[in-house]
Structure formats: structure tokens, C-alpha cells
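2 protein chains.
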Amino acid sequence: MSLARVHNLAISLDGYGAGADQSLESPFGHAGMRLMEWFFPTASFQGISGSRERTAIDPATEADDRYAARSLVAVGAEIMGAAKYGPPGWQQDADWQGWWGDEPPFHTPVFVLTHHPRPSLTLGETTFHFMTATPQEALEAARDAAGGLDVRIGGGPTTVNEFLAAGLVDMLHVVQVPILLGRGSQLWAGLEGWERDYSVESETTPSGVTHITFTRTSDAAAR
Amino acid sequence: MSLARVHNLAISLDGYGAGADQSLESPFGHAGMRLMEWFFPTASFQGISGSRERTAIDPATEADDRYAARSLVAVGAEIMGAAKYGPPGWQQDADWQGWWGDEPPFHTPVFVLTHHPRPSLTLGETTFHFMTATPQEALEAARDAAGGLDVRIGGGPTTVNEFLAAGLVDMLHVVQVPILLGRGSQLWAGLEGWERDYSVESETTPSGVTHITFTRTSDAAAR
Numbered sequence: 001m002s003l004a005r006v007h008n009l010a011i012s013l014d015g016y017g018a019g020a021d022q023s024l025e026s027p028f029g030h031a032g033m034r035l036m037e038w039f040f041p042t043a044s045f046q047g048i049s050g051s052r053e054r055t056a057i058d059p060a061t062e063a064d065d066r067y068a069a070r071s072l073v074a075v076g077a078e079i080m081g082a083a084k085y086g087p088p089g090w091q092q093d094a095d096w097q098g099w100w101g102d103e104p105p106f107h108t109p110v111f112v113l114t115h116h117p118r119p120s121l122t123l124g125e126t127t128f129h130f131m132t133a134t135p136q137e138a139l140e141a142a143r144d145a146a147g148g149l150d151v152r153i154g155g156g157p158t159t160v161n162e163f164l165a166a167g168l169v170d171m172l173h174v175v176q177v178p179i180l181l182g183r184g185s186q187l188w189a190g191l192e193g194w195e196r197d198y199s200v201e202s203e204t205t206p207s208g209v210t211h212i213t214f215t216r217t218s219d220a221a222a223r
Numbered sequence: 001m002s003l004a005r006v007h008n009l010a011i012s013l014d015g016y017g018a019g020a021d022q023s024l025e026s027p028f029g030h031a032g033m034r035l036m037e038w039f040f041p042t043a044s045f046q047g048i049s050g051s052r053e054r055t056a057i058d059p060a061t062e063a064d065d066r067y068a069a070r071s072l073v074a075v076g077a078e079i080m081g082a083a084k085y086g087p088p089g090w091q092q093d094a095d096w097q098g099w100w101g102d103e104p105p106f107h108t109p110v111f112v113l114t115h116h117p118r119p120s121l122t123l124g125e126t127t128f129h130f131m132t133a134t135p136q137e138a139l140e141a142a143r144d145a146a147g148g149l150d151v152r153i154g155g156g157p158t159t160v161n162e163f164l165a166a167g168l169v170d171m172l173h174v175v176q177v178p179i180l181l182g183r184g185s186q187l188w189a190g191l192e193g194w195e196r197d198y199s200v201e202s203e204t205t206p207s208g209v210t211h212i213t214f215t216r217t218s219d220a221a222a223r
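Keeping their order, the protein sequence lines are chains A and B. The first sequence begins at 1 in my numbering and counts up one residue at a time. The second sequence begins at 1 in my numbering and counts up one residue at a time.
Everything labelled a hint here was simulated from the structure, so no lab data went into it. Backbone N, C-alpha and C fix where the C-beta goes; we use that ideal spot for every residue, glycine too. Warning: the hint list may mix true and false statements.
[Unchecked claim] Covered by chain A, per the in silico footprint, the following chain B stretches (three or more residues, Cβ under 8 angstroms):
| # | segment |
| --- | --- |
| 1 | 5-17 |
| 2 | 38-45 |
| 3 | 166-180 |
Work out the full structure: start from the sequences and follow the hints.
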């Protein structure tokens, strides 16, 4: 069975997965990079970013890396919202090709949800497809393209919120960072009782974040 | 120095410290008792509640009890909001004496913030004083009564939010329960950047909750 999984979605204590005022210069808006500081020193990120000047990995990051590494396993396609693919207004810029340069870190088909579809774009091992679709339709398309593997719901928080609300997510890994953003994109809006069909595991790590993993119980999956 | 401390304030993942629709039958509203399930089995609660049929303490609750026990140490007065003292409408019931029976668990002066003051009430070792006051004024009154000890800001979440916003809290211990309430009383509203002057420690325990403790840094206290 092909699962729909969310990984490494960092949120503030007050539930924001990105700040307000996102822009080309500030992809996370007024949050800056504070939501991702736990991630950058991990071996997984160092590997993804392919830095030539890779520094020694601090053993204190190992617990965070156990989580970071999972997002790379058995994923055959990704779905992302328009707000992850580019800054506000990218839809009007025909030359915009995402944040990730010539070799994006996905290495799979990526389905970008947008009301302004454009032709598919291949960069390195990643092909971006642009579509106007409901979460259900997008997940179907991604599953068709995933070759039997899982689908990662890549974010941002608004998109993940829609997939959670539609009951489509089998595994949700959030990383809670103990800061208060006050404004931005809310992950938890309108999800009263959502946890009911999930088991949950929490772990704090030396970086100070808390990893919270929801896994759909088999009973719920059988319904 | 007399500190203002918050302890054992349980919140949902989406930041609600109490549910909606609070009433005499449901002090936490639609949340039921789910925010407090980590607390009831602890030795501290068993001691507070003074149950004659005290059951054996499960060693798995020891980590939670380390936190629960701290709330009892060196506190000389408590401040609580009207929503903690009674269900909606208690102000119109001259006979209402709080939820706690003849021997409330406070054993100190308790200052109840209300727009409907009434004469002070002594039950056992606890005296309730009722006052209309700003957070600053209430804290001053409580400190005067605390005999050099600390003041506990006892809740509910709306009252704690007001004290946090006013910059009056030296220590905040929240207990995050991995449920989504969707509605109710928000702890975090309007507190962007509040964490700046605090150090933070997080710990997950076998009960599945995460204890998050903010402590004002000495730099901040000196300002």
C-alpha cells in the first residue's frame, strides 16, 4: 500500500509552519530560518545540500537526523502547494524554476498545486508537474507516478492542513520549535479531534525541538 | 525576590488550555478531562486530593510528578481568573464557593479576578479574595500577601495569557497534550516573540505529554 506521509514539518509552539510576509528574500517570512535550525546541521541535510565544504557532523544532531533521514526513504513522488514552490507572485514569472537550482533534492516527480498550471519542468532527476486539483485528485496522480512507493506531502503548512482535513494523511511528523511566531500559516486550523485515528509518539532532542509523529492506526485504515 | 510562576498548565497541540462550552458539569468544556489525564495518577495529585483509597503510584508517572510537585513549593499566594473559580455565571450565585469543597488545595491566599467582587471567603487554610484589577495590580496584592514567597498564576489559560502579555511571568510550565481541541481558550494568542527573554527546556514523558518550561533569563530580569 502506498502511504501519504508528511515529514520534517517544523512549526512554532503556536502552530505556524511559516511566518507572515513571505518573499523571495524570506521564504519563511518573518520567521526567518528559526524553524529550520534543527535541520541544517543534520547529516541528512548536509547530504541533500551536497555541500563541498561539508563540516563534521555533531553527534548531538543524531536524534534529529533519525527523523530527517526518514523523509528520504521509499518516497516515489511529492505533492507541494504553490506557497512552497516559490514566493508570492511566482505564477506571473515564467522563468521561475523553484528555489532549488539545477538539481532539486526531490529526485522524483513533484506535483505542484496551483491555479496557474504551466508545462512540466525537468531539472536534474526531478520533474515538476503543475496542476489545479483537489487533494484527492493530486494524491491519485502522485500515487500513479510513485511506482508503488509512498507519496510525500511536502508542504507548506496550508497544503498539509488541507490534506489532514481531507483525511488523506497516513503519517504526520511535525517538529515543534519552542518559539512563538504570532502570525503566518497555521497547520492546525479546523482539525478538532483529528488525532483520534492515530497513535502518537513524542521525543525531545538536544537541539531543543520536539518531534511528534502521528501514525494512522490499522483499525482506522481498515474503515 | 518573589517570582510569578505558572505550573501544570495543560494545553492541546493547537494551544487550547480549556475547551469550549465550559459548565458546572464540564469544567474543561468539550475537552473533558483529557488535558489532565497525565496529572491525576501522579503522587502529587494523589496527595492533594487526599484520597483515602489512595492507590499505589505507578513508577511510570514519576517524570510527570517531578513537574507536578514543583507547583507546591515556595508558593505564598495564588492568582486565578474568574473562569477558573467557577463555571460561567457563578458570579450570580451568592452560594458558589469554588470547585474544591471545604478544604481547597491552595492553603494560601487566593486572589480571584472578577468584575463582580464579593466578600472574602475562608475555607480551611485557603482564603479567597475577589478583586477587579489589572494583572499588575493583582500581582502586587498577591506579593504583599505571599510573605516573601512566590506567586502562582493559577490559570485559566486566558488569565495566564494576560499575565504573559504583560511581561509579568518569570516561569511558565506548560504540559502539551497531543490532542487537537479546535476551539476553546487560547494560551498563545498575541504573544509573538514572547520567548525571547526566556530559556526553554522540553521533556517528553511516558504518559505521552511534553513538559515545556520557560525560565526568564537573568539578563532579562535585570532590564
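A quick look at each hint next to the structure:
no.: 1; hint: 5-17; in the structure: holds (count 3)
no.: 2; hint: 38-45; in the structure: violated (count 0)
no.: 3; hint: 166-180; in the structure: holds (count 4)
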